[in-house]
Amino acid sequence: MNRRLLWLASAAMVATSGHAWAQAAAQPAEQVTALDTIVVTAQKREQNLQDVPAAVSAVTSEQLEARNVVQVADVVRVSPSLTITENTNATGNSINLRGIGTFSFSIGIEPSVAVVVDDVALLQQAQAFSGLNDIARLEVLRGPQGTLFGKNAAAGVINIVTQKPTKSLTGSVGGTLTSDGEKRVEGMISGPISDKAGFRLNAFYGDRDGYVRNLNTGHKLGGDRSYGVRGRLELDPTDNLNIALTASHTNTKTDGQVRTFRSIKPGATAFGAPLALSAVGLTPGSDNYKIRLDTEPKNTSKQTMLTGRASLDLGQANLISITGYQDWRFRFREDLDTLGSPTLLNAADPTSILPNGSTAGGPFHSTNFTQELRLVSSGARKLDYLFALFYADGDSNRSFSRGPNAATSWAATAGTKTMAAFTQMTYHVGASTHVDGGLRFNHEVIEATFINRTPTATPPAGNASCLAVCSGKAKDDHITYKVALRQDLADDVMAYASFSTGYKGQGFDISTGFTPARAAKPVRPETSKAYELGLKSRVLENRVQLNVTGFLTDFTDFQAQGGVTQPDGTIVPQLSNVGALRSKGVEVEVSARPVRALRLDASAAYTDATIREFANAPCYTGQTLAQGCRPVGGSNFQDLSGKPLANSPKFKYSLAGVYDVDLPSLPFDGFVTAEYTHQSAVMLDLLGTPISRQKAFGVVNASIGVAGRDEQNYRVALFVNNLFDQHYATSLGYTGSSNAGAVAQLLPRNSKRYVGIRARMGF
268 MNRRLLWLAS AAMVATSGHA WAQAAAQPAE QVTALDTIVV TAQKREQNLQ DVPAAVSAVT
328 SEQLEARNVV QVADVVRVSP SLTITENTNA TGNSINLRGI GTFSFSIGIE PSVAVVVDDV
388 ALLQQAQAFS GLNDIARLEV LRGPQGTLFG KNAAAGVINI VTQKPTKSLT GSVGGTLTSD
448 GEKRVEGMIS GPISDKAGFR LNAFYGDRDG YVRNLNTGHK LGGDRSYGVR GRLELDPTDN
508 LNIALTASHT NTKTDGQVRT FRSIKPGATA FGAPLALSAV GLTPGSDNYK IRLDTEPKNT
568 SKQTMLTGRA SLDLGQANLI SITGYQDWRF RFREDLDTLG SPTLLNAADP TSILPNGSTA
628 GGPFHSTNFT QELRLVSSGA RKLDYLFALF YADGDSNRSF SRGPNAATSW AATAGTKTMA
688 AFTQMTYHVG ASTHVDGGLR FNHEVIEATF INRTPTATPP AGNASCLAVC SGKAKDDHIT
748 YKVALRQDLA DDVMAYASFS TGYKGQGFDI STGFTPARAA KPVRPETSKA YELGLKSRVL
808 ENRVQLNVTG FLTDFTDFQA QGGVTQPDGT IVPQLSNVGA LRSKGVEVEV SARPVRALRL
868 DASAAYTDAT IREFANAPCY TGQTLAQGCR PVGGSNFQDL SGKPLANSPK FKYSLAGVYD
928 VDLPSLPFDG FVTAEYTHQS AVMLDLLGTP ISRQKAFGVV NASIGVAGRD EQNYRVALFV
988 NNLFDQHYAT SLGYTGSSNA GAVAQLLPRN SKRYVGIRAR MGF
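Quick note: to get this note's numbering, add 267 to the position in the sequence shown (first position is 1).
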């Protein structure tokens, strides 16, 4: 049935698109309309996207719906400079911009790309992977944004703006069904309570089957079940005071991402057991969606966010207060040994067996309180200004256990207190020349405690107390700044040049193997210097928009995570400071509306992100002296200078089109969408493991549907994801217990073709 549905959808798309293009050619000129103006808050004030002297991509709610962007991971199809490195659970995921991003299992390390929801930055990047719902606009800010967004925006920001209450009573209900077992329903209601108050309430529930078959149990893994609710209340007690209160909660249960075998060498073992036993009934390869696990992975995530925003109009300026509180809880369990048997041979004593192989897991818990005060100028003036104060107090704790093989158990806490003062000003030299300047002073105090629950017989040299507890505390002050010159060359044509600095604070690398030395000396801060040249233009009566950006960013002490092989054969993550790296390239974004019914979008990025200095990087698993792994003082190192960053394609582009089909003889109109995203080959491992190379690939998505006219507010779409079934991996590496004997991969859901139907009705 699924195959018949797929062919029916494809045939309908081809037939309808042919009619659409014929109709487009016949459109009279008077029906041509311009591109819509997009207002963004990338600089913490409302501005026309085309007036912002920075590299910003913005996607409206209509575009998100048309291109089926329903989670942060889907944004990679909209912004070519964005990639996401995935792991078996969300705590190991990394959002990367222009090749830059830090993934870390440590609760003491912050990301290089900040995710901001309604003016409040998320403490843990993993919080962003709970899905997108009732979104008004999504902005991708590329390059250091430290002046306005603080210390965890060294590479960029994803700014998510949710919908506000409406002036009249409105609502909608919708749902999605797919051929791979997804069922999702959502609803929204919004309107006035009185002439001084309004509300908006939305909720969703989703249940999706897995797509990786566990041959041991017959279960499909990789699915999820989630629900969430968000409420917003807006009050206007006086003509010059607005208060907005928002509360949201999401709950997700998932199998996470499940590793499957891409290859297994003859004779490969894990803890002494033949891996071939785990491959019975499956064929390792790039399209292998089968596995044998005796312990199935489980992840649960609960997130609550409270936000209060008050804006007081003072006449010449607005005084804005933003208060945020987050509570995020996460628990995971996964099978590390990749074995399908609950018992295995003891490598140290082949005559005995060990139960349960090796599993790992434990809980996370993070809370974060933030307070920001802004004074923002209003109205036309010679000098626009923004002054702000910021405070944040974040605490995280985590417990981790692994065993019975390669057993370890520990618990840790990490805390960060941040105080900052920042300003941004724009001086209008003349009608067409503008100078922007920004400055931020940041003070932070970090602390961490590590409790070792499996002490060794011999304590680390110099600190016997680490047998039980290691703790550390550090503080740092830093100043970031930005200057930009903006020149209006003509109506709707602007060029700019900017220089900015970025900063990501120091942090404790809290992970297995934490030592007194790591407690005494946290990972150094990450700093950056960025140069940008840009052109933003609208031509042909606002029917074509062309934005071009050239960039060069130098990072010092970039915080990068690699894997270190332990004596027992397990691979554990360890964070290091890369001496220097550089990201440079060109980004092009084009939008066009050649006729009223047709919108075309094209975007491309050439990114050259390379390590300039990392002489003492860890060796990858199995690396030999001939391959560059050299012994130094009892450890092994390699020189990664000149090597590319992980998951940073040199070239990536996206082409998309939406065509609205007038059907005057019917009570509805039609529409067709198509999208193609392509990226060049990448290395998915920072250490350059040869088997981590993902070859170039491209994915086609498309949809066809109908939408009601005038008061008939409904929309139904039949869509296909990954039309040509292009398999690709988001992670490639050796399994954690086989040394170099087996290659494991993460194949995301979107690496398989599926079709579905999506419907929404409004009132």
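Mixed in with the good hints there might be a few duds.
[What the hints assert, rightly or not] With a straight-line cut-off of 16 angstroms between C-alpha atoms, the simulated EDC-like cross-links for lysine to aspartate or glutamate are:
#, residue 1, residue 2
1, K557, D660
2, K1019, D447
3, K520, D491
4, K569, D491
5, K487, E563
6, K311, D651
7, K431, D386
8, K487, D447
9, K565, D447
10, K684, D651
11, K565, D474
12, K431, E501
13, K1019, E501
14, K487, E501
15, K1019, E978
16, K1019, D476
17, K520, D474
18, K649, E563
19, K788, D743
20, K742, D759
I should point out that these hints are in silico values taken from the structure, not numbers from a laboratory.
Handout entry: Contradicted hints - numbers only
Key = 1, 9, 10, 13, 14, 15, 18 and 20
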